[in-house]
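> Now for the letters of each chain:
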Amino acid sequence: MRKLYKITMLVFLRSKSLIIPYLAVLAMFSAYTAFRFIQYMEYQNIFMTLRWFVIPCVFLIASFIYFSYELTIKLHENNMAEYFRAYRQGLWQAYGAIILCLLTLVAIPSTMFLLFMLFFYNYINVEYYPFMVHLLKVSLLYFGMSFIAGILLGTVMAAKLKSNRLAVYSLTVLFMLLNTTVTSNLFFHISYMLLNSYPLEKVLFGIKDFFTLVPHQLGSNFAIDPIYGLPTEPIRWILAGFWIIFPLTLIMSECFNHKVKKTLTAMACLVLVLSVGLFVFRGSTLVMDLRNDSYPYSDMLYYDDRPEADYRRYQTEFTISNYNMDLTVSNELHAIVKITVDNPALHRYEFTLYRGYILDEVRTEKEAIPFKREGDYISIGSLNGSDHLIFEYHGKSPKYYANRQAITLPGYFAYYPKAGRRNIFDVGQSAYVINLSPNESRYEVKVHSDLNVFCNLSGSNKTFHGKTDGVSLFAGMYDEIADNIYAEPMRRDLPQKQTIPEAEQILLDTFKRLERPQPEALKRLADKKLFQVPGNFTLNSGIEASVVMSDHITAVYCSNGSQVAENIMQSVIKPHSTDNRLEYDYLSYLFNQKDITDPFLKKPVDLQQLLQEIDEWRSLKTKLQKVNAEQYERMSKQEKAAYETDGRRMFDLDSSVNNKAALYLFYQSPHKAENFRVFYDYYTSEGKEDYMELVKRIIKGEIEHADRQ
Amino acid sequence: MLTVNNLSKRFQHKEVLLSINLVLENKVYGLLGANGAGKTTLLRCMAGLFNPQQGEVLYHGEPIHTSKSFHHDLGYLPQSFGMFQELTLYEMMDYICSLRNISPSQCPSAIARALESVNLEDKTGDRVRSLSGGMLRRAGIAQAILGDTKVMLLDEPTAGLDPSERIRFKNTISRLKQDKTILISTHIVEDVDASCDSVIVIDKGRILFNGSCAELKNIALNKVYHVKETDLAGIAGENFSLKVNETEGKVYHRILARDKQTFPCQEPSLEDGYMWLVKGMA
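In the order they appear, the protein sequences are chains A and B. Quick note on this note's numbering: the first sequence kicks off at 48 and runs consecutively. Quick note on this note's numbering: the second sequence kicks off at 1250 and runs consecutively.
No lab work stands behind these hints, which were simulated from the structure alone. Source: prediction; values computed, not measured. Quick reminder that beta carbons are idealized off the backbone N, C-alpha and C, glycines included. Any given hint could turn out to be false.
[Said to hold, decoys possible] Calculated lysine-lysine pairs in the DSSO-like style (CA-CA distance at most 30 Å, straight line):
1) B/K1263 with A/K308
2) A/K306 with B/K1528
3) A/K50 with B/K1263
[Unchecked claim] In silico contact screen, one side only, chain B against chain A (beta carbon under 10 Å); selected entries:
4) H1314
5) L1326
6) A1393
7) L1457
8) N1459
9) S1518
[What the hints assert, rightly or not] Quick list of the computed label-pair ranges, beta carbon to beta carbon:
10) B/K1263 with A/K207: 21 to 27 Å
11) B/K1263 with A/N126: 19 to 25 Å
12) A/L213 with B/G1486: 53 to 59 Å
13) A/L208 with B/N1350: 27 to 33 Å
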């Protein structure tokens, strides 16, 4: 075999159509990697750089398909396959030598990338061993197995399609496109623009996913969560393995006759069936694209159609005093949760459990209890004298993933049954709802996972216990970076030990300034554990920047106390707010986050003009809102032009009115302290008054006051 | 000894070989047949490349698929033969030596012998792409005789060869035939006449004849006539014009006729015997 390998390598090296492109690809790959590394030195963003590193992967796979096809096809174009097959295992030996030769060619960029990753790890100097393991896994999966799959795909196409280059290169282009976001956009548009069909979308994306060898697709702009890293879930390895074994068996079936051929064909079918089966039941994976089931859009789209009546009409007449949770995190979450209710005499119990978790059984210790599932809600009748209920369920959430790669299950999310009917996603706010228990329950939690799991409760060895209003679980590239501070160690904006005490002091001062009592939940923050959560938590939810629970805090951005304080205040006022722009400015001015050198802040606001602009803005808003799509279609050209002009004017005013109002009320006004108070009361009350009406009232009051003086 | 027992091969719904029975000993056999008669399919089945629907091929009494020695003893030259264009002739022969599991120490001598047999010993360092069609064909024969080949299946080995190369091929076969079973598939009757001890005629997937060249010739004994074109109307019964030639300004036909004619009889050639068979006059 050594001689065959050597001579095959000679064929490759002497073939100009192969060696020149190969060297060119190597040179381009090296130059690209170096360029991205230089960019890293400038921006210091590890995961953005890592994302850029994997982008050329699909081009490299396509190159290896080309190299392998063009090398292997020489066997067929020179009519060698026929007489090689006449010798015992002759054709298989020839293919084997070609594959070995191609593996050598693959090994060069793979090893280069692997060594570069080790260098990169040393260079970034984070000293976090799981990240190095992750980099090695990424190298092996993205730059090793996917390349090997590429060479075997090229070889099998030469073996099966022979000299039909049009078919071979069309399939290669199709394969490449399936590994880019081009097909995401295309399949999305085909499914909805043309046929408005969710099942079709599922099928199309299912096919696409099965062909996705590069999980982080070319064209994807979604940021990587450091806790997760690049996708390397078991299904990725299984798919990569499939795309190696399946073509290999087909190649082998081409080389042998009779029984061996039949056996290999049967094996290829078996591998296909097995892989498709595993793929169908792949469980929780990170899906970041346009599809309905993806992290950014899934819940937003689902809850958009849900009637509020589903949860508003039910009153909860019980609380859960104890939870005993046995959680197994494999490819998805499998849970057995035993609860104790404080009021066992009721005829009806309502619980909330996120719809993605499929309820297998509800039982007391003695018997199974019939239940009714409606989306996120579980309705149960009498408990037949028992005060215990056991829920057995399994499933996943597209956003709050739990699999073999990472776990992000915050305590405010209904990944375990919560008493009563609660809303999961607030469509009006376009955000997940913070669902905490009204009481602190006692928890016993056992987690079965290969990952090192971090929890707000005390305990070790994946067994936790204690009292809280919500259990949060985090795992993956996650660690306790300081006493009671947990974070993704790869982030640059890590919380510091003094972050929470600082935030607590700032909040204390702020509430003093506001002359309002500090909410109980915001006191003794420094005693709580802090969990920094992935940045993507705010991707489709504006209220998760910071959540304060009875014994812990989750926060996305917490590099300094002021930022945490602002985010915590946002979580206090957000549930009542309907205007994002003014609220954002309110918080910025309240926590002195504005750049005071900004010339905009120095220019005095003309209040009369502001009042006129507010009226104009509101009148335009009302006028434009009255026009529906049908009416717009019926408009004449001139009417449409006028409508567009009004729209542009409203857009300009929208920005200027809010900015000016905030600037005056919270910065330039002599009564700004009072204004902060008024707006705090407004934001934390249940009042339905339009915020701009309040702005007008305050400004008019101040004008009158000034006139009187 | 290579035995073909009741071999049938079908592609889709087309029967290509029908109950073929053959016993090949250490001799040179010519497999004669028109294009599409089933020659290549028969050779491929005998080389183990095709799986027949019925029957089997035995080598020394053992099915070729289970025989340990068959693939080692087999030398096969396909109808269209090629090599890696980027290699030298020696490198390519060395590559084939490896495929045929010839031990590395024996490779240089085996290659030298094989190339010498086909008069290509001076081309060892030449790239395959620089060889002429005839040289490449001879290189194909060389790869088929590499090592200790005992069975040679050559599919149209003389196709594309010029007359001098065909003579060289004939000489090569004469040199090699000692203790070997050689089956040469061809549709060129002269090649069989020149190189083969026995001839097998195949037509539409059936064996029409299996015997010596003399026996095939004898089939047409007293059936071949030399007839002037002007006398053609005088031929009685079923007949067939084999060849037309012109001698001293007069056109003559070589006629195969079933009934006794008044015209002078000719000595039958191998081609006459073959044509007698394939035209269904036997």
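> Which of the numbered hints above does this structure break?
2, 3, 7, 8, 9
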